[in-house]
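Q: Please arrange chain B on chain A, whose structure you already have, making use of the hints.
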Amino acid sequence: MIRLRGVSHSYDGRRLVLENIDLDVEKGDIVFIMGPNGSGKTTILKIMGLLLKPVKGRILFEGKDYWSLPVRERLKIRRRVIYVHENPLFFPGTVVENLLYPLYIRGYHREKALELISKMLRENGLIDVMDKRVDELSSGILQILSILRAMLPNPDLLLLDEPLNHLDLKNQLRVIRILEEYISAGKTLIVSTHNPLFPRRMGGRIYELGNGRLREIDPKSLKTII
Amino acid sequence: MDELLGIITRSIIISGTATLLASTWSIPLAYKLSRGTSTGYVHSILEALVGIPTVLIGLLLYMILCSQCPLGFLGILYTPIAIVIGEAVLVTPLITAVSLYEITRISGRYGELALSLGASDRQVMEVVLKYSLPGIIGALLMGFSRAIGELGVALIVGGNIKGYTRVLTTAIALEVSRGEYEEAILLGLLLLLIVAVIAVGLRLIRGGKD
Chain A
0 MIRLRGVSHS YDGRRLVLEN IDLDVEKGDI VFIMGPNGSG KTTILKIMGL LLKPVKGRIL
60 FEGKDYWSLP VRERLKIRRR VIYVHENPLF FPGTVVENLL YPLYIRGYHR EKALELISKM
120 LRENGLIDVM DKRVDELSSG ILQILSILRA MLPNPDLLLL DEPLNHLDLK NQLRVIRILE
180 EYISAGKTLI VSTHNPLFPR RMGGRIYELG NGRLREIDPK SLKTII
Chain B
0 MDELLGIITR SIIISGTATL LASTWSIPLA YKLSRGTSTG YVHSILEALV GIPTVLIGLL
60 LYMILCSQCP LGFLGILYTP IAIVIGEAVL VTPLITAVSL YEITRISGRY GELALSLGAS
120 DRQVMEVVLK YSLPGIIGAL LMGFSRAIGE LGVALIVGGN IKGYTRVLTT AIALEVSRGE
180 YEEAILLGLL LLLIVAVIAV GLRLIRGGKD
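For the protein sequence lines, the chains are A and B, in the order given.
Numbering-wise, numbering that gives the first Met the number 0 puts 55 at position 56 of the first sequence, and it's gapless, one number per residue.
Numbering-wise, numbering that gives the first Met the number 0 puts 23 at position 24 of the second sequence, and it's gapless, one number per residue.
Among these hints, one or two may not hold up.
[As the list claims (entries may be wrong)] Okay, derived cross-link-like pairs now, EDC-like style, lysine to aspartate or glutamate, Cα gap no bigger than 16 Å in a straight line: (1) LYS75/A / ASP1/B; (2) LYS52/A / GLU96/A; (3) LYS129/B / GLU61/A; (4) LYS26/A / GLU61/A; (5) LYS31/B / GLU125/B; (6) LYS161/B / ASP1/B.
Hint data in this document are derived by calculation from the structure and do not stem from the laboratory.
Keep in mind it's a predicted model, so treat the numbers as computed, not measured.
With the rest of the complex left out, here is chain A (with noise of 0.2 Å):
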């Protein structure tokens, strides 16, 4: 589905933080992406997003060179992709005004939209929250609910950084449950994560990122690298 090659990135023009990467994607795949702070984690996953242009490299999407693509053949692709950021991001006003945000764009009827809406938080037992201001929720459940925005578009690829920050145990598992869901309709997912929890639950390859380079993993060494 994407595929990075020779992908190299810097924020200064001096220090790389991503060196020569190649990665396969496929569709329907679980890729975890574990390293330390700094390690270069977000800026994979934004790459991967298609929100960053690499300053060297290419990004295959269905074998198509993304960044060579003309301005309206990229949308059309980047309506398929979701990046979750790792602080939940919303814009001032209500809970249900930003879940209409992803749908509007993308020509949805304001009836149809709310129809959806209303069953995703329905199914999510947070119905409650619908009307209610971004500024009045908890961390956690905005965490969640960036989680379902990103959804309900029904995106072939979501990226997801730092998915479980802000979240207890409990919610740590709601998510899970929900992202299994997804996976379980063919559909990709790409997480940067510290936590174990997660890749032992869904399974999945995972890369370890570390001095801008990229290597894969055997899940039995996880408590190594955390």
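A: Relative to the frame of chain A, chain B by itself:
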């Protein structure tokens, strides 16, 4: 009294028009610059230009608009239009710098959020401008404040013609040169009042944003 009212009204209209004129290129320029990667350097250059002496702009504009000069055929020297153009040039770096700061701040947060959720470039721009609006209005008020308080441009390319291009600052300069200090102080207080009202407006906008 009529003359005083005329001076105040003229000052507000000229500086307001100059600010609006400058906004037509400063805000798109700030948005365009915010999409680039080297906003740090751009900020530094703009901040340096904010302090450019008004007499220098007045002089440069005079050398373009005088009768023997390249744009002398337009015949706009010593008209309110010349002051509007000069003040628009003067406030451009200020409006652009403040708008750029605000747009960059909002882009990093709400612009990237919109992008991550699949927004098109136009939809991202809508989001960024919507949430930058209080800051942009603040930038315009700062620009207006700078324009109405400047003397160099109004004096050099306006000519301080009674009932035509005389504005608050040139009227103050004239009264001082005549030794009419009471008149000058009264005009100065009026100018201060206008700037103070703008400062309060800015504070209210900033308060609303926080």
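Q: All hints, please: hold or fail.
A: Against the structure, the hints come out as follows:
Only pairs whose Cα atoms come within 16 Å are accepted, and LYS75/A paired with ASP1/B is rejected, the gap being roughly 63 Å. Between LYS52/A and GLU96/A, the direct Cα distance comes to roughly 30 Å. Violation of the 16 Å bound is thereby established for this hinted pair. For the proposed pair LYS129/B and GLU61/A, the alpha carbon gap of about 35 Å is over 16 Å, so the pair is violated. The hinted pair formed by LYS26/A and GLU61/A meets the criterion: a straight-line CA distance of about 9 Å does not exceed 16 Å.
For the given pair, LYS31/B sits about 14 Å from GLU125/B by alpha-carbon distance, which is consistent with the 16 Å threshold. A threshold of 16 Å between alpha carbons decides the hint, and for LYS161/B with ASP1/B the separation of about 12 Å falls inside it, so the pair holds.
Checked against the numbered hints listed earlier, the structure breaks hints 1, 2, 3; every other hint is satisfied.
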